[in-house]
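Engineer: Chain by chain, the residues:
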Amino acid sequence: MTLIRISDDALALACGADAVAAAFAAAGCTVERVSSWGLHWLEPLVEVGGIGYGPMAPDDVSAVLAGTSTKSIGMIAEHPFIARQQRLTFARAGKTRPLSLDDYSATGGWAGLTRARSLSPDQVIAEVTQSGLRGRGGAGFPAGIKWKTVADAAASHKYVVCNADEGDSGTFADRMLMEGDPYHLIEGMTIAAYAVGASQGYIYVRSEYPHAITKLNQAIVLSADIIAPFRIEVRVGAGAYVCGEETSLLNSIEGKRGEVRAKPPLPAHQGLFGQPTVINNVLTLAAVPHILLEGGAAHYDSHGVARSKGTMPIQLTGNIKSGGLFETAFGITLHELIYDIGGGTASGRPVKAVQVGGPLGAYIHPDRFDLPFCYEEYAGVDALVGHGGIVVFDDTADMGRLARFAMQFCAAESCGKCTPCRIGSTRGVELIDRIRSSPRGADSVELLPQMHNARKAGRSREEDIALLEDLCETLKFGSLCALGGFTPYPVLSALKHWPEDFT
Amino acid sequence: MNSAARLAEILSANAGRAGPLLPILHDVQAAFGCIDRDAEAEIAEALNLSRAEVHGVVSFYHDFSAEADPRLVVQLCRAEACQARGVEEIVAAGERAAGERVCLKTVYCLGLCSVGPAARVGDALHARLDAAALVALIEAA
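As they're listed, the protein sequences go chains Z and D. In terms of the numbering used here, the first sequence is residues 1 to 503. In terms of the numbering used here, the second sequence is residues 1001 to 1141.
The set of hints was computed from the structure by calculation and includes no laboratory data. Treat the hints with care, as some may be off.
What the hints assert, rightly or not - Rough simulated footprint, nothing fancy, chain Z against chain D, three-plus residues with beta-carbon under 8 Å:
no., stretch
1, 1056-1067
2, 1078-1090
3, 1095-1104
Unchecked claim - Cross-link-like lysine-lysine pairs, in silico, DSS-like; alpha carbons within 30 Å at most:
no., chain 1, residue 1, chain 2, residue 2
4, D, K1105, Z, K321
5, D, K1105, Z, K256
6, Z, K417, D, K1105
7, Z, K321, Z, K496
8, Z, K256, Z, K321
9, Z, K71, Z, K95
10, Z, K476, Z, K417
11, Z, K476, Z, K496
12, Z, K256, Z, K417
Idealized CB from N, CA, C, for every residue including glycine.
Taking the hints into account, I'd like the entire structure generated from these sequences.
Structural biologist: Below, the structure is given as structure tokens:
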């Protein structure tokens, strides 16, 4: 009986994987539901004896079984998109059944945890520090130092919290890992808990990811004995983007409004319920089991460039021909990612801009596609690596509209705690509208007699732009968290490189 | 089961949790389609909070609503990656198809950014939508 492997990842399901699986089952095949390879333009992707076929529709089933299908891509593992990657965190992608403990153990699962438990907590932290692992949520803070701070804090309770509130547009790596390899995240969290002395863990998942929530809940039950005495509970978000900010996430778990907390105190000192808390992104925690293997820390450290060590699961999205998950060492350029690997735009038109790092990331002009993927290099040009999401836009994109959207998004998602973000974002939308509709006179509110300080004469375009830049400065340096603080990046980068779109 | 008993059941099911408010609100929203004034008061009483505190949390999160909307909800992602793949060009057709019958809601990111435009109906996801596919989805909803 032919064995067919089809992903049950949410993205494959959205592309119709269930119907294809049912068609193979009806044809008498054994169908195994595995994680996704991350070759998203080929989903639903079907694997028969190592050979891939995609994108599949139920009608293609008979041709695949007869060996006459034109949708073959050859051996999946040898496909250039896969062969060029260095998959450490996503080593199992496409190969295992997500909830199978047998598959997980057979592919090296729990080896990191077993070795960690044979070491002292201090040694575990030393190895994480040695690996050079930095927070993958966007801030890039060294994971080992964070863990050390929590380990050194004296408290009766400590927590490990996994930030799985992956709200950035252009990112799905957390989702893929939680759905495709949930034990891997659980193992990483359990190692963190052992290292810092925590007994309770929480995974905070956004409500937009129902499939990930289901998989995690099942995986936690099935692996409870293995991770004991550590316990993990899934907490579901409620549609607030700002809850991806760590302190607002902690408030949300506590049952409060997802408002950002002022720092200090750091979560490592006073985090969840006021106790010392390790809070790390999914990808940070999922990098840990590999690092804790014999020689794993040195191996991890051998990847990457300068102070950006290890691998980054990069997500190629938006208007790109071959989109999907591309895990590789730091240092790769946008040019390689977009043209050599991604094949250019899906529409076939020229690339106009890419946004790296989610809605708060800068728009990067094709002139800078030589920029190596690395925290410091990006920071040097006012851009963000963020969570590794890359959104490609073709030449039909209106950068003025996208800049306005950045401000509008900030206004919609602001928690309201600090003034620059709460009010500045709305003023930003208005200002961009004015710039785009200039020349204009004073508006009706400004002309009211009680508006003593308002200018009665119209403002020139240059004056409005100066005002927008000034507002962005206030947002950048006056906001409590990255939502208000980074919204200027997409706005100012769009204004700088594509001023013609603001007329 | 009447609603008071259902609410009491939700409250007792979550009694042992640390930080139980969000899980309770999710359960109440799922059971009643909203979290109204009376439910807020009951929850506040059970958790030893003021109703203002509970209301503050309910009103903060996009997933919770004070009034039930009987219409079916279709969530359409309109974040940057779906914009890059042309979602803005199909919104108008979606709105026309939705009319008063279906609630077409904007969502920021379903994590399907390489195969957008994407939509969600309940727990079912749909990708690679064009105007015709979106209209068909809404009409079948």
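Engineer: K417/Z and K1105/D: Cα distance at most 30 Å?
Structural biologist: This hinted pair holds, its Cα atoms lying about 26 Å apart.
Engineer: Confirm or reject the coverage of the stretch 1078-1090 of chain D by chain Z under the rule of 3 or more residues with a beta carbon closer than 8 Å to the chain's beta carbons.
Structural biologist: Coverage by chain Z holds here, the residue count being 7 at a Cβ distance below 8 Å.
Engineer: Between the alpha carbons of K321/Z and K496/Z, is the straight-line distance 30 Å or under?
Structural biologist: holds (27 Å)
Engineer: Within the assertion that chain Z covers the stretch 1095-1104 of chain D, do at least three residues meet a Cβ-to-Cβ distance smaller than 8 Å?
Structural biologist: Result for this restraint: violated, n = 0.
Engineer: Just to be careful, I want the Cα atoms of K1105/D and K256/Z compared with a cutoff of 30 Å; is the pair within it?
Structural biologist: Roughly 25 Å separates the two Cα atoms, so the pair holds.
Engineer: Against the 30 Å threshold, does the CA-CA distance of K1105/D and K321/Z hold or violate the hint?
Structural biologist: holds (28 Å)
Engineer: Checking one constraint from the list: CA of K476/Z to CA of K417/Z, max 30 Å. Satisfied?
Structural biologist: This hinted pair holds, its Cα atoms lying about 15 Å apart.
Engineer: Would the pair K256/Z and K417/Z pass a check requiring their Cα atoms to be no farther apart than 30 Å?
Structural biologist: holds (13 Å)
Engineer: For the pair supplied as a hint, K256/Z and K321/Z, confirm whether the alpha-carbon distance does not exceed 30 Å.
Structural biologist: violated (42 Å)
Engineer: Examine the stretch 1056-1067 of chain D for residues whose CB is less than 8 Å from any CB of chain Z, and state whether their number is three or more.
Structural biologist: Coverage by chain Z holds here, the residue count being 7 at a Cβ distance below 8 Å.
Engineer: Measure nothing beyond the straight line between the CA atoms of K71/Z and K95/Z; if it is 30 Å or shorter, mark the hint as holding.
Structural biologist: OK: K71/Z and K95/Z at ~20 Å, within 30 Å.
Engineer: With the threshold set at 30 Å, check whether the alpha-carbon distance from K476/Z to K496/Z stays at or below it.
Structural biologist: Cα-Cα ~16 Å, so holds.
In summary, the numbered hints that this structure violates are 3 and 8.
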